[in-house]
Amino acid sequence: MNLEFGILWIEDEYSPAEEEDLREAATNAGFVANIRNSLDGEEIEELAKEQRCYHPFDFILLDLNLAKGVKGNALAPRIRQLFPSTPILFYSGSCSEDELRQHMAHDKIEGVFCAHRTTFLKRASEIISNLAQSLNRLSGMRGLAMEVVAKTDSLCKEVVVSLHERGLVEGFDEKLAKEVVKYAQRTVDEFPKIDGLKAQLENRAVDSMKLFKVFRDSLKAAIRDMEPGEEQDRLRHLSERTRGFRDDVLECRNTLGHARETKTENGWEICDSDGKVIMTVHDFPNHRKNFLENLQAIREIHQFFVPLEAD
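All you need for the working numbering is the position in the sequence shown, starting with 1, plus 2.
Honestly, the hints are just simulated from the structure, not real lab data. Some hints could be false.
[Said to hold, decoys possible] With a cut-off of at most 16 Å between alpha-carbon atoms, the simulated EDC-like pairs for lysine to aspartate or glutamate come out as follows:
hint: 1; residue 1: K215; residue 2: E160
hint: 2; residue 1: K212; residue 2: D249
hint: 3; residue 1: K222; residue 2: E172
hint: 4; residue 1: K70; residue 2: E44
hint: 5; residue 1: K291; residue 2: D250
Just so you know, these numbers come straight off a predicted model, no measurement behind them.
Working from the sequences, and respecting the hints, build out all of it.
Next comes the structure, spelled out in structure tokens:
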């Protein structure tokens with residue numbers, strides 16, 4: 003599970019507004035849309051090979067009338083054969099929904115949704131939302147949180163090293179050493195005072211916390227020393243967007259890592275070790291949005307500083 007939602011769009015004419023609506027539907031479900039367009043499905047064999055290796059497509063949109071006179075209903079059987087479990091939305095502006103269903107029934111193609119062109123974006127949004135809900139399990143969210151933290155750890159490290167080596171900030175190696183020693187000393191002092199094995203097991207060092215602190219502090223120092231202008235303003239904005247990283251990503255990661263899910267009449271609930279409900283799967287889209295926003299901001303900061311090292 004990751005933050006991308008892959009869409010294979012087999013269509014020769016679509017508007018930027020339609021594409022934006024699709025992207026918005028993915029965003030509302032907590033994902034970023036990765037849309038690949040095929041005008042007539044000519045490369046469907048290559049795309050299927052890619053699907054078998056990397057599974058980049060979660061959803062397929064198929065128009066009836068394609069480029070070079072290709073008909074979507076003629077292409078559909080091969081698509082279903084090559085993509086046996088991927089949901090397909092078949093649509094057209096020249097045929098009714100019932101007529102499209104008859105096309106699919108004639109060739110005995112299963113697992114295909116149908117819609118008229120005027121409503122296919124609404125139907126696509128509903129399908130994307132439903133597919134996202136199927137991913138609302140603790141194991142998937144736990145893994146996603148771990149993945150996001152691992153990626154941001156790597157990006158943060160490279161930014162800090164780049165800032166330090168290029169002389170844009172000074173003294174953060176000493177500050178990091180003091181932070182680590184301070185944390186370690188506090189652990190040494192406080193751990194023996196913790197009462198009971200259960201409480202001791204709950205006490206853990208989170209290296210990502212210390213890393214993010216030095217990342218934020220060094221970034222602020224670099225921004226403060228920059229010449230006023232658009233770049234400084236942009237970096238301040240990006241820094242502000244990562245303000246909630248500890249709570250929105252790191253603490254969420256930690257919470258999910260020690261939580262368990264309970265099946266209830268209202269769906270899966272996420273509980274702590276004492277059985278107290280701390281979130282439900284309905285909270286997952288917002289968490290995914292927070293993961294994505296923080297990751298995108300840190301990626302842009304990374305692109306701003308680290309590539310300059312190669313110049």
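Going down the list of hints, with the structure as the test:
no.: 1; hint: K215 - E160; verdict: holds (14 Å)
no.: 2; hint: K212 - D249; verdict: holds (14 Å)
no.: 3; hint: K222 - E172; verdict: holds (12 Å)
no.: 4; hint: K70 - E44; verdict: holds (10 Å)
no.: 5; hint: K291 - D250; verdict: holds (10 Å)
Violation of the numbered hints given earlier is absent; every hint is satisfied by the structure.
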